[in-house]
Amino acid sequence: MTLLVAVFAAIISTIIWYKGSDKDMQIGTLCLIYWGASIMWFVDFIFEYAELGAEYFTPAPADMLNDFYLGISVVALGLLIWLVILLIKDPKGTVKAALLRQR
Amino acid sequence: MACFLVPAAEAVVTTIANKVMKSKEAKEASVNIENVHEEGHSVESKIKFTTKLGWLNKLLWGGSALLAFEHLWHGEVVPFFPFLTAVQEGQEATTEMLSEMGTVGVTMALAVTAIWGGMVAVSSVISKRKAKETNESEA
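Protein chains in written order, with my numbering: chain A, 1 to 103; chain B, 104 to 242.
Next up, chain B with everything else stripped away, as it sits in the complex:
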């Protein structure tokens, strides 16, 4: 009914967090620019957290957009106020919609976040392994 709204809301939060973190990273980069030049190799091999958060943003925004289209297709979302047909249909339909958002929507958001967590963990392991190999070959 409107389950995509939950991951979409999460996407809004993660996008704002990403913007804030990016501006902080830019400030830190300008302060530590000399260190970056000295340790350029190790800094470049590590993926920034904002890049990783960008993956989550794309997963959430992409998924929500395509699901929103599916809801539009099935007539559950309309391009005019109040946008959700369940709201027009009365209290019972609204309750059902909220219940679906609380179950299916929340599970969708959690599943996407869990899979992203797995991606982050795998990329961390790979970059650590790569750094270890580089250090060993240099030594």
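Chain A with its partners taken away, still in its complex shape:
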């Protein structure tokens, strides 16, 4: 479930990037964050599938809910990391302008 949520986040961010959103928004970075995690979880899935077999696809409802909750939290963390990078790099100079205005 966590893998699925991460893959959906990666696909959505890639579509936004492909649609040619503002390059200053660093959407490419967000895509790479989610794709990196998706690839790693996919490898994890392969190893777990090799161990559990078809049982992997029939998790207990409580586990599924927990994994979904984890997936959503991971997406939020990815967005948070992207936001911090965006504010630090400040490609549009908005943060700098706001700080200078306050002085």
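Among these hints, one or two may not hold up.
[What the hints assert, rightly or not] Selected chain B positions facing chain A (in silico; Cβ < 7 angstroms):
(1) G165
(2) G166
(3) L170
(4) F172
(5) W176
(6) V180
(7) T210
(8) V215
Read the hints as simulated data drawn from the structure, not as lab findings. Glycine included, every Cβ here is placed at the ideal spot set by N, Cα and C.
Given chain A's structure and the hints, the job is docking chain B onto it.
For chain B alone, kept in the frame of chain A given last:
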């Protein structure tokens, strides 16, 4: 258990390599600045290797960070020393953790690097094709 540590270690190496290469590129750019002006068009159409290495850095750091959070969620990583619960649990758990790092962790790092290699190959083909088209239209 701690599989994310392998791609994270690779990320540290690639980040250092990227910094070193960037400083070399900056030096070369300042030396060859006249050539850059003369061949500005072809230089701009080619993506720098440091930019490509930056993609790998983002894939590795992003993935490792999100996986570290997952390990924290499952209680496999704790925010205090020794940080890895497997180390606290004794020799057997530590051996299991190291084995997982050697299998799952190494495969994760290799998979990310292989996919990045594919991205680099595709971007090289696209930029070569673009350069060829430009040369043909100029001729």
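Hints versus structure:
1. G165: holds (3 angstroms)
2. G166: holds (3 angstroms)
3. L170: holds (5 angstroms)
4. F172: holds (5 angstroms)
5. W176: B/W176 check passes; min Cβ-Cβ to chain A is 5 angstroms, inside 7 angstroms.
6. V180: violated (14 angstroms)
7. T210: This hint holds: B/T210 lies near chain A, its Cβ roughly 5 angstroms from the closest one there, short of 7 angstroms.
8. V215: holds (5 angstroms)
The structure fails to meet hint 6 from the earlier list, while all remaining hints are met.
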